[in-house]
Amino acid sequence: MLLKKITLAAVSAAIGATALISVPAVAQEGGQYVPGTVYRSGPYAPGGIPWADGYGDYFAMLNERDGGIGGVPILYEECDTAYNNDKGVECYERMKNKGPTGASVFQPLSTGITYALLDRLRSDKIPMITSGLGRADATIGSVFPWVFTLPVTYWAGADAITQYIKAEEGGSLKGKKIALVYHDSAYGKEPIKTLEALAVKEGFQLDLFPVPHPGLEQKATWLKIGRQLRPDYVVMWGWGVMNSTAMKEAAAVGFPADKFIGVWWSGSEVDTVPAGDAAKGFKAAQFVLPGKDFPVLKDVRTHVYDKNKGMGKPEEIGSVIYNRGIAAAVLSAEGIKVAQDKYGKKPLTGEEIRWGIENIDLSPERLKELGLTGMINPVKVSCNDHEGGGDVIMTQWNGTGWDTVSDWIKPDRDGYLRAMYEESAMQYAKEKGIEPRDCSKE
Amino acid sequence: MDFLYNLLIDPLVQIFTYPIFALEVLIGGLLSGVMYSLVALGFVLIFKASGVFNFAQGAMVLFAALFFAGFIDTGLPWYIALLLTIGVMVLLAMTIERVVLRPLVNQPHIILFMATIGITYFLDGFGQTIWGSSVRVLDLGIPNNPMEFGGVLINQFDMVAAVVAGTLVAALAVFFQKTRVGRALRAVADDHQAALSVGIPLKTIWAIVWTVAGLVGLVAGIMWGAKLGVQFSLAMVALKALPVLILGGFTSIPGAIIGGLIIGAGEKLAEVFWAPAIGGGIEDWFAYMLALAFLLFRPQGLFGEKIIERV
Amino acid sequence: MLYREAGQFKTTYSADQQIFPILQDRIGFFVTMAVAFIAIPMFAGDYLTQTIFIPFLVLSVAAIGLNLLTGYAGQLSLGTGGFMATGAFAAYKLATSFPDLNIIFVFILAGLITALVGILFGIPSLRIKGFYLAVATLAAQFFLLWLFNKVPWFTNYSSSGVISAPPMSIFGVFVTGTEASHTAKYFFLLVLVTLLALAAKNMVRGHIGRAWMAVRDMDIAAEIIGIRPLQTKLAAFAISSFYCGIAGAAWAFIYTGSVEPLAFNIDVSFRILFMIIIGGLGSILGSFLGAGFIILLPVFLTNAPHMLGLNIPVDIISHMEVMVFGALIIFFLIVEPHGLARLWQIGKEKLRLWPFPY
Chain A
1 MLLKKITLAA
11 VSAAIGATAL
21 ISVPAVAQEG
31 GQYVPGTVYR
41 SGPYAPGGIP
51 WADGYGDYFA
61 MLNERDGGIG
71 GVPILYEECD
81 TAYNNDKGVE
91 CYERMKNKGP
101 TGASVFQPLS
111 TGITYALLDR
121 LRSDKIPMIT
131 SGLGRADATI
141 GSVFPWVFTL
151 PVTYWAGADA
161 ITQYIKAEEG
171 GSLKGKKIAL
181 VYHDSAYGKE
191 PIKTLEALAV
201 KEGFQLDLFP
211 VPHPGLEQKA
221 TWLKIGRQLR
231 PDYVVMWGWG
241 VMNSTAMKEA
251 AAVGFPADKF
261 IGVWWSGSEV
271 DTVPAGDAAK
281 GFKAAQFVLP
291 GKDFPVLKDV
301 RTHVYDKNKG
311 MGKPEEIGSV
321 IYNRGIAAAV
331 LSAEGIKVAQ
341 DKYGKKPLTG
351 EEIRWGIENI
361 DLSPERLKEL
371 GLTGMINPVK
381 VSCNDHEGGG
391 DVIMTQWNGT
401 GWDTVSDWIK
411 PDRDGYLRAM
421 YEESAMQYAK
431 EKGIEPRDCS
441 KE
Chain B
1 MDFLYNLLID
11 PLVQIFTYPI
21 FALEVLIGGL
31 LSGVMYSLVA
41 LGFVLIFKAS
51 GVFNFAQGAM
61 VLFAALFFAG
71 FIDTGLPWYI
81 ALLLTIGVMV
91 LLAMTIERVV
101 LRPLVNQPHI
111 ILFMATIGIT
121 YFLDGFGQTI
131 WGSSVRVLDL
141 GIPNNPMEFG
151 GVLINQFDMV
161 AAVVAGTLVA
171 ALAVFFQKTR
181 VGRALRAVAD
191 DHQAALSVGI
201 PLKTIWAIVW
211 TVAGLVGLVA
221 GIMWGAKLGV
231 QFSLAMVALK
241 ALPVLILGGF
251 TSIPGAIIGG
261 LIIGAGEKLA
271 EVFWAPAIGG
281 GIEDWFAYML
291 ALAFLLFRPQ
301 GLFGEKIIER
311 V
Chain C
1 MLYREAGQFK
11 TTYSADQQIF
21 PILQDRIGFF
31 VTMAVAFIAI
41 PMFAGDYLTQ
51 TIFIPFLVLS
61 VAAIGLNLLT
71 GYAGQLSLGT
81 GGFMATGAFA
91 AYKLATSFPD
101 LNIIFVFILA
111 GLITALVGIL
121 FGIPSLRIKG
131 FYLAVATLAA
141 QFFLLWLFNK
151 VPWFTNYSSS
161 GVISAPPMSI
171 FGVFVTGTEA
181 SHTAKYFFLL
191 VLVTLLALAA
201 KNMVRGHIGR
211 AWMAVRDMDI
221 AAEIIGIRPL
231 QTKLAAFAIS
241 SFYCGIAGAA
251 WAFIYTGSVE
261 PLAFNIDVSF
271 RILFMIIIGG
281 LGSILGSFLG
291 AGFIILLPVF
301 LTNAPHMLGL
311 NIPVDIISHM
321 EVMVFGALII
331 FFLIVEPHGL
341 ARLWQIGKEK
351 LRLWPFPY
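Chains as they are written, first to last, in my numbering: chain A, 1 to 442; chain B, 1 to 311; chain C, 1 to 358.
So that you can see chain A by itself, here it is in the shape it has in the complex (with noise of 0.2 Å):
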């Protein structure tokens, strides 16, 4: 008995460090490797599925389609982070160096994760887009030159909602009644200080709910929402679990849903269906629109799914998240693409997609060569503007599919959120004795 023990426990032994030694042994003939950071498991897995589904389909509908981009075929590979930071940091550093040319630009999905690379990705010279998430005032691109938030932030988004409650209103808020329920979290905090900011300028009143993650409970919030507070426009930054609790006890409430507002992330089929008839007439801000007969979403089914290659179902084309993993799958294939017609028609370094991605243009023109037109709006990068200027656009779900209520809002950049950004940036700079580059010069 004694010995069995011990037998198997160097059985084991051996077993694991043979896995150790040969951990970095995928993929390495040539073409350029895009990593994955996505999450298809733990507690938010319903919205991270469509969109890695998303982000997969595009690549493999170029490779099918084009051979890649400009010839180099892409090596797709994922990642599972299951929304931990811990996890996320892991799969980084297992995916920064493979391939021919090592990762060419990461995108992951999580505003924890996203704060756990920043410094990664400064010495490593890896890009990141963090597509509508993470931290805004990486908009600043002299300080924060590997980071890159097109095509919106949260700030922006946070704007933009405000402008579009405005409108419904009639043009002033004065007085009105705002209320934010938010996520308790890196992610949920982001819009406070926009709104802050709005508040005070606008005139309204606002107040703050935050939800402990994983907000399963919120009866409290809702009691004091609906019967108590009982705000003009109730604004949501939550994920998972979370909107759809909301939305049922919104509804349990009294409180009408089209008064009621998500962010992107809030937003989505996975959210909605669950909470049934709760969620009928609930709007939410998008940066891509939802829709199944973009020409883009065609090439998608006729090059991957015809051929049973789709990483998911074929009804989930068209869904909100699905369309927004193919629009960030769009910007990094498309950085790549920018970086080609520079460097070359090969595998590219991090380095090289960095540039590419700071020079990306997607003027109406090029859209429409992608398919995209009317999906996204037009966004160009430049070296100070990693935001790309997107705009956002607000929908609401009728109890089958989303609606379009507005046209595409700008967001008021020049006017306050560009100061907010530099403000921020250069605190940051002055905390991690960063030196930020001289724009002007590139």
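Not one of these hints is a red herring.
In the SDA-like style, the derived pairs of lysine to any residue whose C-alpha atoms are separated by at most 25 Å in a straight line are: (1) A:125 - C:179; (2) C:150 - A:208; (3) A:432 - C:94; (4) A:259 - B:147; (5) A:337 - A:384; (6) A:342 - A:30; (7) A:177 - B:277; (8) A:201 - A:171; (9) C:150 - B:7; (10) A:193 - B:278; (11) C:129 - B:303; (12) C:150 - A:428; (13) C:348 - C:35; (14) A:177 - B:3; (15) A:313 - C:320; (16) B:306 - C:127.
For each label pair, taking beta carbons as the anchor points, the in silico distance ranges come out as: (17) A:123 - C:100: 19 to 29 Å; (18) A:228 - C:123: 30 to 40 Å; (19) C:11 - A:431: 57 to 67 Å; (20) C:173 - B:9: 49 to 59 Å; (21) C:19 - A:438: 54 to 64 Å; (22) C:96 - B:308: 44 to 54 Å; (23) C:228 - B:167: 44 to 54 Å; (24) A:228 - B:167: 30 to 40 Å; (25) A:203 - B:293: 38 to 48 Å; (26) C:35 - B:3: 53 to 63 Å; (27) B:4 - C:25: 57 to 67 Å; (28) A:228 - B:2: 18 to 28 Å; (29) C:19 - B:293: 42 to 52 Å.
Per the computed footprint, the stretches of chain B lying under chain A, defined by three or more beta-carbons under 8 Å from a beta-carbon of chain A, are: (30) 27-37; (31) 236-247; (32) 265-279.
If you are wondering where the hints come from, they were derived from the structure by calculation, not from laboratory data.
None of the values given here were measured: they were computed from a predicted structure.
We put the CB at the ideal spot given by N, CA and C, even for glycine.
Put chains B and C on the given structure of chain A with help from the hints.
Showing chains B and C alone in chain A's frame:
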């Protein structure tokens, strides 16, 4: 000074100025508490009969809900899905007894506790391997519209949940008091050795207890799943049940209900009236602090068995 | 034959009382040290250092801390994550308020602050026992995380509530921040861990460790033979929290570089509890073995399908990983409830005779 005023005086002023609202919060809290009790009951059953602190109860809630919702999604009528899920839970209980509990007999409590955490991980992974991690809708057809009784708002869904919990407790009480198996269970809970010596088969009894706990988990899973959608986060309701458990005592079924009511009402009132003074979002730790405060006076919980120590 | 202590005579008390009284153990210890200080930095690449050795060292400190409290003093705690967070945030406040303070003092002070917090949350242990105490320590876990999340002072009013470590150096070499090399971080941690582990080993051999064990085995009996439960239990909480605090600070400053409070959530507490159970309750060596096991297992499980050449979707891998993790935990508990440290002991017993049957 302002802070103290906000913390000590303002909440009381609020409560007396808006008595109806305070009543709504209180009722809402009590009803939430019942939902916690549903989960806590499963813990109590197993601890009572086998002394195992079964951390896997939360995972069993998720597991049962996943199977039930999954079977329904494959197009089966609900009663067949229910029967199949019950079958799965019985099988699960027997497997756990055979594979985990039997080899670990006579080990210290902490080892068994750790083993149940192992079960938690296993069930989380197993359930999702089979049914995936996407959220599943479980519609019981319970209306969710606001309903007022004399100006006091009451959540219909929670009312139904309370009725379900009440029925469940009544059924458990009958089961424990009136049936042969129930008497055997109580005997085992009192004294394993004595029970063995009068011929009660301990292994069978444990399998039965885990089955019953699994069924309680199924009820909790269906109620919570109808409320939130069936998804991985359901497993986390266990963390809401733990303060209920220590407040009521690990070994008492009425304790789980009363504990749930106290915790539910306490945390909601605190969140609504006291939290604004200190920043909000206090529900999570407040429940534990409240339970801790009770424990300082009764270290075995409100209804737990008195701890007698001998040297 | 290999592990024979016969013939090793002790002629002084100090020789009899050394940490490793047997020659082979001493050799083993020095070989381990040599591997850790020379071989690993020379041969381990970036990936191994960054994702395995550094978190291993950090979590071993936390595991030692919890093992002192749970394994030696018998107080089951699920608040480890909260105490680690306290260490991390205390270190951050200290490092940003006093930029000239050496990182060593930052860590020690952070540990001391955590020790105070630990004493505070240890007070209920005088009255509450067993699982009631375990659940009650969750109050510490949730409260502390809420506090750091909620009070902007702790994060220097950062809008997102995330702290990131300022670059800090020791003897002119950066050990935190972007400029710090993996090797520098590793060496700094290694020295820290070695010192802390030796301190812990000595502590549990001394009167305080014996007092803890007496309280663990039966606190009323311990009280009767003259051990004061108040001081003993609170000391266990304080010292355990000191270790956890340093581990938290090292986690935030050296491993991830930036954390939000959620990084120290309840899963961390469970992971560390697993480490000491798998490693062996009441064993310093066990804390290291357990930490190694719990860190390597997921990495191994993630990479195993690749090794076998299977192409399994990542979600299935993730779920299987969780499943296998749970199953292995149960398996280990059944095969050897006293942990890897006990296996090691059995191995030594065997080696005493091996290769001869008697």
